[in-house]
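Student: If you want the building blocks of each chain, they are given just below.
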Amino acid sequence: MNRTKRSTALALAAGAAALALAFTGCAPSSDDGGSGDSSAALRVWAGSQTPITANFNPFAPTVLHAALGPIYETLFFFNKTADEAPTGLIGDSFEFNEDGTVLTVKLKDGVKWSDGEAFTADDVVFTFEYEANGYADKGLVSAEATDDTTVVLTFDSPQFTREFAILGSTWILPEHVWSQVEDFATFTDENPVGTGPYVVDSVTEASYTVVANENYREEGKPAVKKVQYIGLDANQSAQDLLSAGELDWTGMFIPNPDDVTANGIISTINTPQDPTVLYTCANAALGCVGEQTDVAVRQALNVAIDRATIKEKAFVGLTGDISPTFALLPRDEKWLADPANAISPQSPNAAEAGSILEAAGYTKGSDGFYGKDGAPIELDLISVDGWTDYNDAAKLIAEQAAEAGIKVNASTVQWQEFSDARQTGQYELIMGGVIGTSVADPYQIYNDWFDGKSTIKVGEQLLPGTWNFSRYDNPVVNDAVAAAAATNDEAAKQAAYATIQTEIVRDLPYIPLVINATQTFTNSKDYTGWPTEDDLYAFPPAWGASAAGVILANLTPAK
Amino acid sequence: MKFYARRITIYLVTLWATISLNFLLPRLMPGDPAEILIAKMQRAGEVSETTIRNIRLILGSGSDVPLWEQYLGYWGRLLHGDLGISVTKYPTPVTELIANALPWTLVLVGLSTVIAFVLGIGIGAWVGWRRGTWVDHLVPGTTVLQSIPYFWLALILVAVFAVNLRWFPIFGGYDVFAFPSGPEPTLAFLSDAIYHGILPAITIVLSSVGGWLFGMRNMMVATLSEDYIITAEAKGLRPGRILRAYASRNAAIPSIAGFSITLGFVVAGSIVMEQVFTYPGVGKLMFQAVQNNDYALMQGVFLVITITVLAANFLMDLVYGFIDPRARHNA
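If you're matching them up, the sequences are chains X and L in order.
Final position of the first sequence in the working numbering is 559; the numbers increase by one with none missing.
Final position of the second sequence in the working numbering is 1331; the numbers increase by one with none missing.
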């Protein structure tokens, strides 16, 4: 109790050292300002480790979380938790032409940069032409400002599927600042000028603080005037701080969330996003070796797995149920062609696994394991040492497969070995993740993970931005992905996705397991306006780029 | 004089060898920093092609330069006091990172090492002196504390004293909420920093005092059976004088040698303590550097550690003669 009083006293007297000293000596005992006090900062841990280095350059790999969303903004905000149209941040509306090669963006009027300069269409043109954004290599033919609030972007190919990349993850830069930057690679941008609700106040090795942007376009926002991002090295510290009510917002995994919500201050929300799967090196034509290259083995494994047990035992019941189509349900409901594919089987079926294998010509040996021509099926399953949930799941899978007569050897490897294995395709099975899509559309997964152009033959490294670790290359899928990319017509896209889904549900180059939990903890006692189950207006964790700015601008201190 | 010249030469050769190893070892590690970073970002969600391209541009390994040229360049920069730029904390110079972390480590780990040593030697001497009585039970007691995995001990102490009783803060080198603009030269800050150091210091002392105590106690018991102690007792010297001037002084010699080595390692910080308490220090720099294949940072930290350990050894070599007259005579 004494400590909080002193902290408050000190916070009030920040900057005036001598004054602070006097306050500490005689802190008035009636003072008991909670953290909902308008002068107190909202405390966030977005995952930064100490020591913190001041770097608000959105192109830097070590950029601090507050730069993306709270300071720099994209044109539009895409809520990745729901199937809804993007909302305008500094953009007002946008429109594609018929074939998707010309994108016309209308901007909001009267927006100012945090240094008081007016934001205009020229800034947007500058951003899209800026070298670090690399749009020249991505087919941008021209970017033109037709008037102060209109930008026309012309591309050499349809951009329907890149809508999010262009409008939702390109950080708009102030031309009057960034045109002076000599080398974006070494620029640390310690006093960033953005259009977002916050500006940088101070940065130390232990934390950094952002304060309300006086020039923010929305009157009266942000209501929370000061936000302090802290650095922590251990998840346990964050959990302890939450329990003690000293941390207001974070996104992290806590196996038993009741422990921290018991204090009546912290609320939690779980928004599963990213699939966990078994990568299988599936394509013998590209050089994969092992019995998993036989589709029957993958299908048998798929039905032999007890997903309900894996969810309970390895992921403490916090994961979501996965659809073998990789559409995130219920968000991507409209893209699910066949309702039968809504969810992967949750309970194991050893008999079915057996009959699939027998139909494919495998026979059960005397040791109880299936094999062909005297050679038993034996698959090596690796997971990264220390990712304990994955290690546990791998062990469970090995046991469950054994019950269905498939021999799986689970082992753990160092991260580097895992990375090399999946990059070069020299593996049989890997416990791995798939990146969930940022919009309500599974296209990005189909394109990056299933398309033949996103892979390379075994022994070579995948190209940057391609994730087809399974080496899956199916002309039917490739054509359908290309067809989906070229159209903005919902029915045509649905038809293409239906084709893809039929193929991948049968072929199973990635055997779906669960959808990873994404937990967020918020102080709902002192602040209101957080995303909730009923009003999931943004992806809630504190580390979410763009969404963090939207959430912060929406918060108000509780009275 | 010849003795010292020989020692100095040996130390110079060792220094050269360690610095060269320091250059070579990180380069034998597999993987490159850009890949690690991309994969890490990928775990948190979609990573755009542009980001990946930029990361490779910024962190791409300049591995087409031949190794020996890198080696020469390494020495050249080293002699100018330039340890390079950290990749993990891009683009902070390594010297700055180490300079900021070192004071915290030196004060906290240094002080608690000294406290643990003094306590261990003091109590060890006393326990050895009173051998065969109830105080012998202190030995297993403290060794149990030492054998508990450090991180576990630290977590328990945090759970009890910081989270439940709220006597101590949960994390940090100072109250980051009260001092959002960082360390400042005021009394309030100083007392806050001391307050934040108490619990980490206690964990270090608790987990290392047992070793000193055990070693000292056994040396004490051995020394007490020496003829000169019996002589001293026969002469009728006061027990207190025998304890301090005769037994303890001789029994402490091996511990003092060990202590100097330990002091050298103080600069390495305490990786686990710094993780558990999010305490600033050198240990976490080393940890993060190894995790992220941050060669420059790794080399910088290892360099500081090797030099200090060598220096501590060297000093010990020089002063050992003063502590132990026998060493002086043999040399």
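What the hints contain is simulated information worked out from the structure, not anything from laboratory work.
Where is the CB? At the ideal position from N, CA and C, for every residue including glycine.
Incorrect hints may have been included.
[As the list claims (entries may be wrong)] Computed footprint of chain X on chain L; a stretch qualifies when at least three of its residues, placed anywhere within it, have a C-beta under 8 Å from a C-beta of chain X: (1) 1172-1178; (2) 1224-1233.
[As the list claims (entries may be wrong)] Label pairs and their computed distance ranges (CB to CB): (3) X:ASP183 x L:LEU1015: 32 to 42 Å; (4) X:ALA498 x L:PRO1066: 50 to 60 Å; (5) L:PRO1066 x X:SER366: 51 to 61 Å; (6) L:LEU1024 x X:GLU131: 28 to 38 Å; (7) X:GLY433 x L:ALA1222: 42 to 52 Å; (8) L:LEU1024 x X:GLN414: 14 to 24 Å; (9) L:LEU1145 x X:SER202: 38 to 48 Å; (10) L:LEU1015 x X:SER202: 37 to 47 Å; (11) X:GLY110 x L:GLU1184: 36 to 46 Å; (12) X:GLN461 x L:LEU1015: 36 to 46 Å; (13) X:PRO330 x L:LEU1024: 47 to 57 Å; (14) X:GLY386 x L:LEU1024: 38 to 48 Å; (15) L:TRP1134 x X:ASN270: 25 to 35 Å.
Student: Check each numbered hint against the structure and report the violated ones by number, ascending.
Tutor: The structure conflicts with hints 2, 7, 14 and 15, although it agrees with all the remaining ones.
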